[in-house]
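Asks: Sequence:
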Amino acid sequence: MKIQSQLKVLLASLALSLSVSSVSYADTPTVNVKEQFNQPDLQTSLTTTPKHKRKVDVSSLQGKTGEMLRTTDHIDYWFYDAWVTLYGDRDYDGYFYGFSLEFDADTAYYQAPVYAIVYLGKNDFYEPFHVTSVFTLFGESSDDSVLLESELETGYPTGDYDILIELIDADSDLHVATIDAYSDADLSYQSLESADFDQPVTSEVVVEYHAGSWGLAGLIGLAGLVLIRRRK
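What the sequence shown shows, in mature numbering (1 follows the signal peptide of the UniProt record, and there is no 0), is residues -26 to -1, 1 to 206, in sequence order.
Possibly wrong hints are sitting among the right ones.
Stated by the list, open to error - Here are the computed lysine to aspartate or glutamate pairs in the DMTMM-like style, where the Cα-Cα straight-line distance is at most 20 Å: (1) Lys96 - Asp1; (2) Lys96 - Asp145; (3) Lys8 - Glu76.
Claimed, not checked - FRET-style restraints, in silico, Cβ to Cβ: (4) Tyr163 - Tyr54: 20 to 26 Å; (5) Lys29 - Asp134: 27 to 33 Å; (6) Ser165 - Pro87: 33 to 39 Å; (7) Asp147 - Phe99: 22 to 28 Å.
No lab work stands behind these hints: they were computed from the structure.
Ideal Cβ placement from N, Cα and C applies to all residues, glycine included.
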């Protein structure tokens, strides 16, 4: 019995494991976002540098249809362009948990304080995931763009998502401009999934040995074969 036990331990130490790891998915979407606000050179001539503050918490907002968000834009505000770069695909399925979103908005005014609400959506229904801090537009400058590094942590199943950005006047809190997949193809059909869905599958093979009909003589014979090979 002692030899059988020792042999089982030996075989177990040499066995290849095989098991599928279980993954639990969160119901509440969570996103980690880092903001970067670019400023033109003329900003250095200002006596004070504007402080970036957040006026609205994203948890206070609700999902909306694209029709509700694509309201008439204000003539004095508009989006020039938006760019998206995807990154982070641990399970190599072509869907990413991170993306860089950069956009440039302009205004007819010399400068104007605004903030943006950023949405992810499918089938023309959008859920807000981030509200930016207040930032300043400097006329039609191309040097006042905003860069958002977003990582989807939980709550976003694997799929193709559209991005929508809503620009809000920070003084009046009124909608002034929108850019989305209809006006910019770069914001359409982004292959995304949150990190809790981006899990590489690991497996373990468990090999179990039973002495069976070998009995004690068979085990001794196997041990002898090992000794002979070692002497050679």
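Asks: Hint by hint, which ones does this structure get wrong, listed from lowest number up?
Replies: When the structure is compared with the hints, only number 2 turns out to be violated.
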